[in-house]
Amino acid sequence: MRIAVLVKHVPCAPGGLVFAADHTLSRAGRRGQLNEADAGAVELAWRIALRHHNAQITAVTMGPAEAKVALQRALVLGADEGIHIQDEKLSGSDALATSRVLAAAVQRIGFDLVLCGAASSDSGMAVVPAMVAERLGVAALCFADSVRAADGRVEIRRHDGHGAQILAAELPAVVSVTQRCAVPRYPRFAAIMQARHKLVRTWSLSRLGIDRSDAGLAAAAATVQAVRPATGKKRVVIECEAPAAAVQLADFLAERDFL
Amino acid sequence: METVLVLADRHSADGGVCRSSDALLTVARRLGAPAAVLCGPADAESVAALGRYGAQAIYAIPSPACGDYTVFMGVEALVRLAAQLRPVAILIAAGHTGQEVAGRLAVRLDCGLITDAVDLWMGPQGPVAVHEALAGSYLVESRVIRGIPVHTVKTEAICAEPAPAEPVVSNVEIVLPARPPAARVVAQIPRSGPQADLSASAVVVAGGSGIGSQDSFELVEKVAQALGGCAGGSHTATALGWCPRSRQIDQVGQVVHPLLYLAMGVSGSVRHRAGMQSAKTVVAIDRDPHAPIFGLADFGIVGDLHQVVPELLAEIHRRKNSSEA
Chain A
1154 MRIAVLVKHV PCAPGGLVFA ADHTLSRAGR RGQLNEADAG AVELAWRIAL RHHNAQITAV
1214 TMGPAEAKVA LQRALVLGAD EGIHIQDEKL SGSDALATSR VLAAAVQRIG FDLVLCGAAS
1274 SDSGMAVVPA MVAERLGVAA LCFADSVRAA DGRVEIRRHD GHGAQILAAE LPAVVSVTQR
1334 CAVPRYPRFA AIMQARHKLV RTWSLSRLGI DRSDAGLAAA AATVQAVRPA TGKKRVVIEC
1394 EAPAAAVQLA DFLAERDFL
Chain B
47 METVLVLADR HSADGGVCRS SDALLTVARR LGAPAAVLCG PADAESVAAL GRYGAQAIYA
107 IPSPACGDYT VFMGVEALVR LAAQLRPVAI LIAAGHTGQE VAGRLAVRLD CGLITDAVDL
167 WMGPQGPVAV HEALAGSYLV ESRVIRGIPV HTVKTEAICA EPAPAEPVVS NVEIVLPARP
227 PAARVVAQIP RSGPQADLSA SAVVVAGGSG IGSQDSFELV EKVAQALGGC AGGSHTATAL
287 GWCPRSRQID QVGQVVHPLL YLAMGVSGSV RHRAGMQSAK TVVAIDRDPH APIFGLADFG
347 IVGDLHQVVP ELLAEIHRRK NSSEA
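Protein chains in written order, with this note's numbering: chain A, 1154 to 1412; chain B, 47 to 371.
There may be inaccurate statements among the hints.
[Said to hold, decoys possible] Heads up, simulated BS3-like pairs for lysine-lysine below, C-alpha to C-alpha not over 25 angstroms straight-line:
#	chain 1	residue 1	chain 2	residue 2
1	B	K326	B	K268
2	A	K1351	A	K1221
3	B	K200	A	K1387
4	A	K1221	A	K1242
5	B	K366	B	K200
6	B	K326	A	K1387
If you're looking for bench data, these hints aren't it; they were derived computationally from the structure.
Whole structure, please, built from the sequences with the hints as guidance.
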């Protein structure tokens, strides 16, 4: 069984992040880490691999040189090998371009199951898993809170607004997991040392057969025209006699259509 | 006027059209003539519900496979209709299924996708979407520059306004392949108990230790009833037995995100705020002017709630009567 885990390198804490002049988030010089939902996906891959013969877990990431940190962490948490897609043309890629690159990489290594976090903590559009599945022509089971994969079939449970849903599909499939799905083990020292000797391959866009004009900010299908800080709400606190206060509150509620 | 395609969600339990569709149609009217895509047959009730919010056309997918393969059917229908109608935009409610439909659709049509819009309007060069970034600290205005714009909309951020229309209903026949490359919904487990309406309620009224006694807790219920919402309590109120555990609003109880949150006698501890801080409008009534809840409140009243709340109930009653008369 071949399991590919898509992982992302994200800034450690979102506090203090700012937008650059080209309206992309300036992540330069910030400490990064493996996206937490992706760490759960690696853990889940490891648990599934325990129950299968000859299971091979490949962690795949796309990003600048610093993204190696996330890949290394995935190797510590249980991935067998890593693939780092690095190309200067990738900067500013939107979800469409990201999914194109990741799908090409997964296609190249071969897969029975693709796992990833449901959303990244920095941008969090939560559409890349579905896009990758569409490009690979397989089922997507997104936002899984628990996953069972056995006998060529995968079954997930997730919560929507109205209760729980159980979805099932035949393998191969793409599964995206929430942080509820699996909590990564605290790695042993030996695992950290062993991870240093695991194979990490670096691929460029041309290696994947993707035209360089199909990725990066220039190929984005959407453009940001303005970024403004959200203005704080106007707050009113009054202190007066009960009847007057009640009338003012009723006015406030009526203005906002609650009465 | 150009068409705007809207994917209407249905409740998994009773098959009725979700309220999210009202908000989608309201937004769609700003961009063009709304046309709703409905998974499943167009029954009279659904047609009426969509017509009330301005759907001028309804494209129903009568296939019985719609329940199990909602995403697959939705994507196939939208791809076909997009080619046929060349809509000015496609709007989908943000959510688990909505996000997947939008992602797949954007790949199939190779067009730009903007997710989680909280506001949308028609700009000179096409629809402009606003979404929140970095935990709501920034608002980003963006626009699709390739293909038909696909947007997922956070429908809870939109105030739905009715605009009755007479929709023209037609069917879209989608045939399910023998082995569809899609996940199948095997089971739907409805949420049971009263908490179902609490966390999904548009108006939530909560009482805290300031209420003072079990008897006075009726005030909370009464205000909730008057505003058409649900009553809940802080952890202190549940610990004292004034309100059931299933209605505890905080980090470990129910997390609510209503349009209106009315806190009565709630100080606003960290754990309580964790359960309600995404409420759109917060109103607080408390005796302590330094209570942390006033830091979140859009409108606060410092005073004795046992005097203010009966006055408020009387005032609401008076206004309702006068508007009916």
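Hints, verified against the model:
no., hint, result
1, B:K326 / B:K268, "holds, 22 angstroms"
2, A:K1351 / A:K1221, "holds, 13 angstroms"
3, B:K200 / A:K1387, "holds, 23 angstroms"
4, A:K1221 / A:K1242, "holds, 17 angstroms"
5, B:K366 / B:K200, "violated, 31 angstroms"
6, B:K326 / A:K1387, "holds, 12 angstroms"
Of the numbered hints stated above, the single one contradicted by the structure is hint 5.
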